Amino acid sequence: MEYLFLALALGLALSFEFVNGFHDTANAVATVIYTNTLKPNIAVVWSGCWNLIGVLTSSGAVAFGIIALLPVELVLNVGSSAGFAMVFALLISAIMWNLGTWYLGLPASSSHTLIGSIMGVGLANSMLSKGHVFGEGVNWAKTQEVFTSLLVSPIIGFTCAALLLLLAKILIKRPELYHAPDHGKAPPPWIRGLLILTCTGVSFAHGSNDGQKGMVWV
0 MEYLFLALAL GLALSFEFVN GFHDTANAVA TVIYTNTLKP NIAVVWSGCW NLIGVLTSSG
60 AVAFGIIALL PVELVLNVGS SAGFAMVFAL LISAIMWNLG TWYLGLPASS SHTLIGSIMG
120 VGLANSMLSK GHVFGEGVNW AKTQEVFTSL LVSPIIGFTC AALLLLLAKI LIKRPELYHA
180 PDHGKAPPPW IRGLLILTCT GVSFAHGSND GQKGMVWV
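All the letters of the sequence shown, read from the start, carry residue numbers 0 to 217 under numbering that gives the first Met the number 0.
To be clear, the hints were calculated from the coordinates, so they are not data collected in a lab.
Computed from a predicted model, the values in this text were never measured in an experiment.
Simulated pairs of lysine-lysine, DSS-like, Cα-Cα distance not exceeding 25 Å: (1) Lys172 x Lys184; (2) Lys184 x Lys38; (3) Lys168 x Lys184.
Please put together the full structure from these sequences, using the hints given.
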């Protein structure tokens, strides 16, 4: 029975990575597809390759950060029934949320989803375990650190993107570059090169960061 649960846990972990892949890939390829820089099939394959390269060259720091959020007793006894229940609960809930937001076309973050699932498991474990106070076992210091980064990162991204756009409008006096692209018409070669470069960078960064989430369960 233990080997069956282990196989199920591995299957769920791989399923989460699969859903995470087609859920978040749109973030990296949206610009190159919208601007007709790359064909959709080519863009997705290119992004997938660089995601894989990012995972293979990652340090594992994000994976260890996620592990630090989990209740210690469940991590130490991950092969027990309670440990398997923890893995099943958080992965199934994260997969369901990712599938739901993907179906509705909502660009939700898989990282927020997984971290929320982990927090839910930690709180539920403190409620169900005898001799535990509600909330005990959750690494609140690490949780605050992670939530701060999740809160601040969109603000930094928004600010940097806005400043870069304003700077580009000041330095590049070509009004056609700031309008919606014509159907089937690709931008100038140097713009295409920049778009492919940014798509590659986002894909690589996504793999080296978000790709580590699957390492925790595998």
